[in-house]
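Visitor: Listed below are the residues making up each chain.
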Amino acid sequence: MSALKKITLSEPELVLALQSKDPAILKTLYSMYSSSLYGVISRIITHTELAEDVLQETFVKIWQSASHYDNTKGRLFTWMMNIARNLSIDKLRSKDFKNSLKNQDIENNVSFVDDQNKVTFNPDVLGVKQLVENLKPDLQAVLDLVYYKGFTHVEAAEKLELPLGTVKTRIRLAIIELRRNFN
Amino acid sequence: MSVENLKAYIESGVLELYVLGDLSPEETVQVEEMASRHPEVRDEIAAIEQAMEQYAMQNAVEPSADVETKLFELLGLNEEKESQNIASTSLDSNTTEQTKVVQLDTNYTKVRTLRYALVACVALLIVSLASLFITYNKLNDAHNQIASLNLDKQKFAGVVSKLEFDNQGLSNMAEMTDSKEWATIRLEGQKFSPSSKMKVYWNKQNKNVLINYVAMDLPKTDAEHEYQLWALVNGKPVSLGVFGGDEKAKEALVKMQAIEQAQAFAVTVEPRGGSVNPTMDKLTVMGGV
Numbered sequence: 001m002s003a004l005k006k007i008t009l010s011e012p013e014l015v016l017a018l019q020s021k022d023p024a025i026l027k028t029l030y031s032m033y034s035s036s037l038y039g040v041i042s043r044i045i046t047h048t049e050l051a052e053d054v055l056q057e058t059f060v061k062i063w064q065s066a067s068h069y070d071n072t073k074g075r076l077f078t079w080m081m082n083i084a085r086n087l088s089i090d091k092l093r094s095k096d097f098k099n100s101l102k103n104q105d106i107e108n109n110v111s112f113v114d115d116q117n118k119v120t121f122n123p124d125v126l127g128v129k130q131l132v133e134n135l136k137p138d139l140q141a142v143l144d145l146v147y148y149k150g151f152t153h154v155e156a157a158e159k160l161e162l163p164l165g166t167v168k169t170r171i172r173l174a175i176i177e178l179r180r181n182f183n
Numbered sequence: 184m185s186v187e188n189l190k191a192y193i194e195s196g197v198l199e200l201y202v203l204g205d206l207s208p209e210e211t212v213q214v215e216e217m218a219s220r221h222p223e224v225r226d227e228i229a230a231i232e233q234a235m236e237q238y239a240m241q242n243a244v245e246p247s248a249d250v251e252t253k254l255f256e257l258l259g260l261n262e263e264k265e266s267q268n269i270a271s272t273s274l275d276s277n278t279t280e281q282t283k284v285v286q287l288d289t290n291y292t293k294v295r296t297l298r299y300a301l302v303a304c305v306a307l308l309i310v311s312l313a314s315l316f317i318t319y320n321k322l323n324d325a326h327n328q329i330a331s332l333n334l335d336k337q338k339f340a341g342v343v344s345k346l347e348f349d350n351q352g353l354s355n356m357a358e359m360t361d362s363k364e365w366a367t368i369r370l371e372g373q374k375f376s377p378s379s380k381m382k383v384y385w386n387k388q389n390k391n392v393l394i395n396y397v398a399m400d401l402p403k404t405d406a407e408h409e410y411q412l413w414a415l416v417n418g419k420p421v422s423l424g425v426f427g428g429d430e431k432a433k434e435a436l437v438k439m440q441a442i443e444q445a446q447a448f449a450v451t452v453e454p455r456g457g458s459v460n461p462t463m464d465k466l467t468v469m470g471g472v
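Chains as they are written, first to last, in our numbering: chain A, 1 to 183; chain B, 184 to 472.
The shape of chain A in the complex, shown without the other chains (with noise of 0.2 Å):
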């Protein structure tokens, strides 16, 4: 379905009609990364109302501060995602989250809390899934904390109780593996 199809615009072109604030700009930002971004989010808040309000808020802050975006400094996506893993992070400290999680139900708190600490799949891309799978499981742990449960790798370490370098050794080794397979 054309409906459907994707935008895509090269980044400079993106970066450039983003910093000249082009309202038609957000939806082809939108449309491409709007899901990647939510993949990020939801992964750290799976409260999917709360997951939802992350991706408005990370959308209003990119359209904000896009002048504050350094693209000698990083990929567009890069600073995108950080946004995004950054709301959500706050997001998940916040009152806000917390008095959504007081306001459970009985009956749904147990799936509920069940659901906060695990990491979900979703199933449209269990391809991912058995790649994450394939990884060591040390390093899957490390880049699970890390990447979908929104912690720093100083929380990681502490978490696995393991040393710092350690745990930046396993993010880089992690990540080593995914190059690895996407290339």
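Heads up, some of the hints might be wrong.
[Claimed, not checked] Under 8 Å between C-beta atoms, here's a sample of chain B residues computed to sit facing chain A: (1) 200; (2) 244; (3) 254.
Keep in mind that the hints were calculated from the coordinates and are not lab data. Note that the coordinates shown come from a computational prediction; the quantities given were computed from them, not determined experimentally. The C-beta atom is built at its ideal place from N, Cα and C for all residues, glycine as well.
Since chain A is already given, all that's left is putting chain B on it; use the hints.
Guide: Showing chain B alone in chain A's frame:
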């Protein structure tokens, strides 16, 4: 920085943390400085970024459509303005432009369709309520009509039974007047009730005596009294039985006791059940044979 040191720096994992946004501002500045000085660092960062971007793309989850709607509402970017801007944008090719417009239209149409559906539903509801109200009123009217028709029917039934009663009496009277078997005795009003009159029918052969309510005009008696029919046989009154007022009769024609011979018939008002001897001051009607 020596090649070994640079390699160690790259392998320390700091660049991954940089891409993940997990460094302090000072460390971030350091990495950026390194990147600007060493192409190897820059390339490594680009490779990590690309891997993470790929990873995110593959893990994409489609958000619900109303996030987009809400977002554009929130930013006050109205859709019409956008499509104009799209048209004036030199960035995208024709196909992109077309795709874009189609996408907007789908959303637009969906919302508009829903809006129409809502309006249609409300209209339907109003029409339904109105027709329900009209139907209810009509039903009430119908109920009233049925009730009044029932009343009429009862009235007619009453009239019909009265007519049947009269008809029965009249036809009997006619038959008996015609036949030679029956003698008709006219009883005229007496001092007690001058305007009263009635007829008594006496069969010459079997001596049966009949009275006919239709051929009778007597004043109504009260609850404790009724009429008694007498035959005068050789100057002596003989009771032929009692009969009540007009309204108590089921048949127009009532058979009284037979009498072998009589010179006259008379009716008196007597206490309920009748008397042995007639109360002469309440002699209502009398007539000779």
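Visitor: Each of the hints needs a verdict: does it hold here or not?
Guide: Hints, verified against the model:
1. Interface hint at residue 200 (chain B): satisfied, since its Cβ lies 6 Å from the closest Cβ of chain A, which is below the 8 Å cut-off.
2. The interface hint given for residue 244 (chain B) holds, since its Cβ lies 4 Å from the closest Cβ of chain A, which is under the 8 Å cut-off.
3. Because the smallest distance between the Cβ of residue 254 (chain B) and any Cβ of chain A comes to about 5 Å, under 8 Å, the interface hint for this residue holds.
Consistency note: the structure conflicts with none of the earlier hints.
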